[in-house]
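With the hints as extra help, turn the sequences into a complete structure.
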Amino acid sequence: MGFIYAPLPWIWIVAGWIAAAGLLAYAIGTRPLRRVRNDTLQHLWLATVVTLSVLWAVDEWFGDGPTFHLLGAALMVTLFDWALALIGTYVMIGLSALVLDAPLDTLGLTLLVLGAVPVLVALSLQRLFAALLPRNRAVFVCGNGFIAPACSLIAAALSGVLLHTALAGEWQGFPVAFWDRALWVAGGEAWFSGTLTTILAIYKPAWVTTYDDHRYHLDQR
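In my numbering, the protein residues as written are 1 to 221.
By construction, these hints were calculated from the structure, which means they are not laboratory data.
Some hints could be false.
[To be verified] Just the calculated beta-carbon pair ranges, DEER-fashion:
1. Gln42 to Trp179: 37 to 47 Å
2. Ile18 to Ile202: 40 to 50 Å
3. Val176 to Ala15: 46 to 56 Å
4. Thr40 to Leu167: 42 to 52 Å
5. Asn136 to Asp101: 40 to 50 Å
Don't be surprised by glycine CBs; every beta carbon is placed ideally from N, CA and C.
This is the structure in structure tokens:
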């Protein structure tokens, strides 16, 4: 779940960049800036991107395998919907790549694994929760704030393993203590995102642009 430093076949590099760029173009085409029309929400989005960039310092390294990072992608989906979340995670990953001097040719695949996968998983789960679960604030906070972030991080971790397997050409099994460490970081992701979602849902519901106050009654104290 970290940057890819090993050289890759050109077909993987090109495919990764095409897929990442295609998703970005689609996200921009939805005109996501309509959700952050006022200065407060614009500043909140920028502050969230910077904060999530710092979260890359909270990681769990394998001796000979991937590294896990807190992502915050699901939190961005909850606050700004999927399009701005995708753009924000792309910006965050790009900034981190520059700071860490990561190779840019393989960055497209990293954008997919650490950006697109957790964002789309969080989006799918949040829509599933909205369709199937009761309509109240506790459900919104529990599902969108805690469950979706944990699941999105695990999905990103599994995507990283599948990518390594595809590059190796054979199944090499999970790295040592993969699930222990994946669940440990997923718990941190859930705690971080869930705590902020709870606070904002209670004190600043207008900052949670995806909620429906008629559905979840987040405007009621």
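### Query
Does the Cβ-Cβ separation between Asn136 and Asp101 fall within 40 to 50 Å?
47 Å Cβ-Cβ, so the 40 to 50 Å window holds.
### Task
Given the range 42 to 52 Å, decide if the beta-carbon distance of Thr40 to Leu167 lies inside it.
holds (44 Å)
### Task
Given the hint of 37 to 47 Å, check if Gln42 and Trp179 actually sit that far apart at their C-beta atoms.
At 39 Å between Cβs, range holds.
### Query
At the C-beta level, are Ile18 and Ile202 separated by a distance inside 40 to 50 Å?
42 Å Cβ-Cβ, so the 40 to 50 Å window holds.
### Assessment of proposed distance window 46 to 56 Å (beta carbons of Val176, Ala15)
Taking Cβ atoms as reference, Val176 and Ala15 lie about 30 Å apart, which means the hint is violated.
Checked against the numbered hints above, the structure breaks only hint 3 and satisfies the rest.
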